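What follows is the residue order along each chain.
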Amino acid sequence: MIEGHSRAIPSPLPEETVHGFRSASHLLIALRRRLAQEHMGFRLYAAGTEGFLWDVAGACEAAGMGKAEYRLCHSGSAQRRIFCVHCRTMTDGVTTNLVTCSGCGAQLFVRDHFSRRLNAFMGFQIDAEVPGETIPVEELYR
Amino acid sequence: MIQRDIAYRVRAIESLSPTLKRIVLESATGDPLPVGAAGAHIALTLKCGDRILRNSYSLIAPSDGTGRYELIVRRTDPSRGGSHFVHDELTVGAVLAGYVPHNLFPSFSHARKHLLIGGGVGITPLLAHLAALRREGARVELHQLAAAEEVALFTQLLAPWAGDDVQVHGGREGLDLEALLSRQPLGTHVYVCGPAALMDRVEGMAVALGWPDGRIHRESFGASGGEPFTVRLARSGGEVRVGPDESMLQALENAGVAAPSLCRGGACGECLTRVLEGEPEHRDHYLTAEEKASGQFVMPCVSRAHSDMLVLDL
Ligand code: FES
Chain A
251 MIEGHSRAIP SPLPEETVHG FRSASHLLIA LRRRLAQEHM GFRLYAAGTE GFLWDVAGAC
311 EAAGMGKAEY RLCHSGSAQR RIFCVHCRTM TDGVTTNLVT CSGCGAQLFV RDHFSRRLNA
371 FMGFQIDAEV PGETIPVEEL YR
Chain B
36 MIQRDIAYRV RAIESLSPTL KRIVLESATG DPLPVGAAGA HIALTLKCGD RILRNSYSLI
96 APSDGTGRYE LIVRRTDPSR GGSHFVHDEL TVGAVLAGYV PHNLFPSFSH ARKHLLIGGG
156 VGITPLLAHL AALRREGARV ELHQLAAAEE VALFTQLLAP WAGDDVQVHG GREGLDLEAL
216 LSRQPLGTHV YVCGPAALMD RVEGMAVALG WPDGRIHRES FGASGGEPFT VRLARSGGEV
276 RVGPDESMLQ ALENAGVAAP SLCRGGACGE CLTRVLEGEP EHRDHYLTAE EKASGQFVMP
336 CVSRAHSDML VLDL
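Residue numbers (my numbering), protein chains in the order written: chain A, 251 to 392; chain B, 36 to 349.
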């Protein structure tokens with residue numbers, strides 16, 4: 251369970267089987283370590299945002315698990331992680347159809363093309379073909 | 036089309052025990068033999084008296100460019116026919132007709148670990164897997180179940196790969212299957228070859244412990260005996276009696292019926308035959324559960340009948 255990015259120390263939760271983590275990346279590090287110890291017959295269920303789910307799936311596959319051994323359920327925000335096809339930088343938490351790349355600064359159009367390998371949606375420069383030609387910004391992925 | 040038939044010459048015969056013989060085959064024509072990867076088997080045509088039998092045997096070593104195939108044949112009692120011929124009549128230099136290798140029991144290269152479980156002479160394809168996997172540096176563990184008097188023999192066969200992760204267990208209760216299957220790391224594949232009861236036990240236990248289907252692999256030759264019954268041939272007319280110690284396929288072949296087959300172990304689907312009447316007893320791993328329940332098809336290489344009569348579209 252992720253408890254928010256601001257908290258530095260995992261909170262003590264009532265049951266020992268529930269662990270708090272200060273961030274998704276903190277959880278993923280612990281998850282990878284845990285999976286290396288697990289045995290056949292283990293099942294994993296994850297709920298969360300798209301980016302988090304595919305990070306978890308990646309950890310499962312890396313540990314040798316197959317699709318029958320983990321289940322993913324989307325919940326929460328539909329915000330997207332965007333991969334800039336020009337500079338390869340990831341921009342997280344995108345809710346709009348256009349976003350400024352956090353790497354090269356290009357105005358990226360957010361495509362529906364999702365890469366499992368990169369765990370991100372593709373973004374490409376909106377006016378790559380006709381400089382200056384753009385579209386209105388809309389909030390689509392809340 | 037790929038040529039499937041090959042003439043083999045017996046290059047060597049070695050007696051391993053009163054009931055086990057190691058046979059080395061080479062090409063009778065001098066043409067190079069195709070690669071036989073670990074897990075592959077070949078079918079041999081054996082003439083036993085007036086009967087013609089086709090038996091499948093696993094290669095016990097991967098044959099890549101060695102120009103020979105090695106098998107181990109157990110003399111069974113009562114024999115399904117072929118094993119007495121191999122033990123009593125086959126001589127060095129004899130030429131046998133057979134098929135090129137087919138592999139219905141391959142290993143999966145993306146597995147994190149390979150767990151091999153053999154019972155008795157079921158060790159044969161696992162010997163090939165062990166050799167290949169060790170050569171690749173893959174993580175592998177082997178457990179062989181053997182009758183008490185054969186522990187020494189199997190230990191000797193496994194001697195080139197001796198280690199903590201290669202073990203021979205005497206007697207049926209010698210191995211704690213539940214503990215073994217419970218301690219396997221994620222990404223393990225299990226391969227089992229041996230008597231049907233052992234394979235069922237491993238498969239049942241693994242499924243009960245939550246192993247997904249695609250991680251459990253079984254080889255099956257020769258579980259062919261059972262209650263006798265009669266097959267009626269709807270197209271060609273005539274009836275064929277299937278005895279308790281022969282498979283439906285063997286009985287059909289002996290009666291001169293041209294029935295297709297390949298693996299002869301209920302895995303490949305080649306022998307699929309339509310059932311017009313009667314209730315099949317399914318023992319194959321080819322048909323889906325729904326197809327089996329429909330009672331419309333049967334795999335004569337391994338399956339039998341619950342009813343006294345089976346009417347086939349042959
Ligand atoms: S011959 Fe392969 S399933 Fe019967």
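Mixed in with the good hints there might be a few duds.
Here are the computed distance ranges between Cβ atoms for each label pair [as the list claims (entries may be wrong)]:
#1 A:Ala286 / B:Glu325: 22 to 30 Å
#2 B:Pro279 / A:Ala297: 55 to 63 Å
#3 B:Ser144 / A:Ala280: 41 to 49 Å
#4 B:Ser144 / A:Leu368: 53 to 61 Å
#5 A:Ala286 / B:Gly172: 54 to 62 Å
#6 A:Cys354 / B:Ala324: 33 to 41 Å
#7 A:Arg392 / B:Asp99: 55 to 63 Å
#8 B:Ala47 / A:Ala286: 40 to 48 Å
#9 B:Asp211 / A:Leu368: 39 to 47 Å
#10 A:Ala318 / B:Gly172: 25 to 33 Å
#11 B:Glu184 / A:Gly270: 54 to 62 Å
#12 A:Leu368 / B:Ala47: 27 to 35 Å
Don't read these hints as lab results, they were simulated from the structure.
Treat the numbers as computed from the prediction; the structure is a model and nothing was measured.
Even glycine gets a Cβ: it sits at the ideal position worked out from N, Cα and C.
Hint-by-hint comparison with the structure:
{"no.": "1", "hint": "A:Ala286 / B:Glu325: 22 to 30 Å", "in the structure": "violated, 39 Å"}
{"no.": "2", "hint": "B:Pro279 / A:Ala297: 55 to 63 Å", "in the structure": "holds, 56 Å"}
{"no.": "3", "hint": "B:Ser144 / A:Ala280: 41 to 49 Å", "in the structure": "violated, 30 Å"}
{"no.": "4", "hint": "B:Ser144 / A:Leu368: 53 to 61 Å", "in the structure": "violated, 25 Å"}
{"no.": "5", "hint": "A:Ala286 / B:Gly172: 54 to 62 Å", "in the structure": "violated, 19 Å"}
{"no.": "6", "hint": "A:Cys354 / B:Ala324: 33 to 41 Å", "in the structure": "violated, 55 Å"}
{"no.": "7", "hint": "A:Arg392 / B:Asp99: 55 to 63 Å", "in the structure": "holds, 58 Å"}
{"no.": "8", "hint": "B:Ala47 / A:Ala286: 40 to 48 Å", "in the structure": "holds, 47 Å"}
{"no.": "9", "hint": "B:Asp211 / A:Leu368: 39 to 47 Å", "in the structure": "holds, 44 Å"}
{"no.": "10", "hint": "A:Ala318 / B:Gly172: 25 to 33 Å", "in the structure": "holds, 27 Å"}
{"no.": "11", "hint": "B:Glu184 / A:Gly270: 54 to 62 Å", "in the structure": "holds, 59 Å"}
{"no.": "12", "hint": "A:Leu368 / B:Ala47: 27 to 35 Å", "in the structure": "violated, 56 Å"}
Checked against the numbered hints listed earlier, the structure breaks hints 1, 3, 4, 5, 6 and 12; every other hint is satisfied.
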